[in-house]
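Colleague: Residue numbers (the numbering used here): 4 to 179.
Incorrect hints may have been included.
To be verified - In the SDA-like style, the derived pairs of lysine to any residue whose C-alpha atoms are separated by at most 20 Å in a straight line are: (1) Lys172 / Thr136; (2) Lys172 / Glu154; (3) Lys167 / Gly126; (4) Lys167 / Thr136; (5) Lys167 / Ala145; (6) Lys172 / Asn139; (7) Lys167 / Asp152; (8) Lys172 / Trp124; (9) Lys111 / Glu101; (10) Lys111 / Leu132; (11) Lys167 / Glu154; (12) Lys172 / Asp156; (13) Lys111 / Ala79; (14) Lys172 / Gly66; (15) Lys167 / Ala127; (16) Lys111 / Pro80; (17) Lys172 / Gly120; (18) Lys167 / Val148; (19) Lys167 / Asp156.
Just so you know, the hints here were simulated from the structure itself, not pulled from any lab data. Note that the coordinates shown come from a computational prediction; the quantities given were computed from them, not determined experimentally.
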Amino acid sequence: MSRFSSWWPGAGRDLWLNGVISSTLMPVPLRWRLLRAYGAAVERCNISPGVWIGSRRLSIGEGAFLNTGVMISTHAPVSIGRNTFLAMRVTITTSSHEIGPSSKRAGKLTSAPVTIGDGCWIGAGVTILPGVTIGNGTIIAAGAVVTADCEPDSLYAGVPAVRKRALEKDEAPAAS
4 MSRFSSWWPG AGRDLWLNGV ISSTLMPVPL RWRLLRAYGA AVERCNISPG VWIGSRRLSI
64 GEGAFLNTGV MISTHAPVSI GRNTFLAMRV TITTSSHEIG PSSKRAGKLT SAPVTIGDGC
124 WIGAGVTILP GVTIGNGTII AAGAVVTADC EPDSLYAGVP AVRKRALEKD EAPAAS
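Use the sequences and the hints to build the structure in full.
Modeller: Set out below in structure tokens:
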């Protein structure tokens, strides 16, 4: 097998997923349908132009919203719940590296799934690392780096993200 033939299937996938589906020329109502046709488990949702998706190892619940610049790495599965909003430039990564020797610190590739529950709000510029589960109804404040699981109905902020307070289950928090 030549270098080109082993490279092309991935390049074709990236062109389809991230060139065609995420194009500003693609009507928003078609994006989720095309992702579903490609093999992702995607319900009726809103995917903005400029969203980058690593592969079809993805499920997105009904009513979810992915804003411009969202990047989803899918070396392991990613699940985004119903009515969950991802703001601009959210990064979800499912892979990392073990620490290698000094000659090459990025050692063996590791991966773990990411799960984001129903009704969550992930703020602009948030980074979610491999193996994280974010509970239903949780808010992650803009710019946070989520390195560990997050409890349901809670507000998290910071680098690394820490729980700031509980949120009432069935009502919006008071504006500050």
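Colleague: Each hint: holds or not?
Modeller: How the hints compare with the structure:
no.: 1; hint: Lys172 / Thr136; in the structure: holds, 18 Å
no.: 2; hint: Lys172 / Glu154; in the structure: holds, 12 Å
no.: 3; hint: Lys167 / Gly126; in the structure: holds, 15 Å
no.: 4; hint: Lys167 / Thr136; in the structure: holds, 17 Å
no.: 5; hint: Lys167 / Ala145; in the structure: holds, 13 Å
no.: 6; hint: Lys172 / Asn139; in the structure: holds, 10 Å
no.: 7; hint: Lys167 / Asp152; in the structure: holds, 14 Å
no.: 8; hint: Lys172 / Trp124; in the structure: holds, 14 Å
no.: 9; hint: Lys111 / Glu101; in the structure: holds, 5 Å
no.: 10; hint: Lys111 / Leu132; in the structure: holds, 17 Å
no.: 11; hint: Lys167 / Glu154; in the structure: holds, 11 Å
no.: 12; hint: Lys172 / Asp156; in the structure: holds, 6 Å
no.: 13; hint: Lys111 / Ala79; in the structure: holds, 15 Å
no.: 14; hint: Lys172 / Gly66; in the structure: holds, 19 Å
no.: 15; hint: Lys167 / Ala127; in the structure: holds, 18 Å
no.: 16; hint: Lys111 / Pro80; in the structure: holds, 19 Å
no.: 17; hint: Lys172 / Gly120; in the structure: holds, 14 Å
no.: 18; hint: Lys167 / Val148; in the structure: holds, 14 Å
no.: 19; hint: Lys167 / Asp156; in the structure: holds, 11 Å
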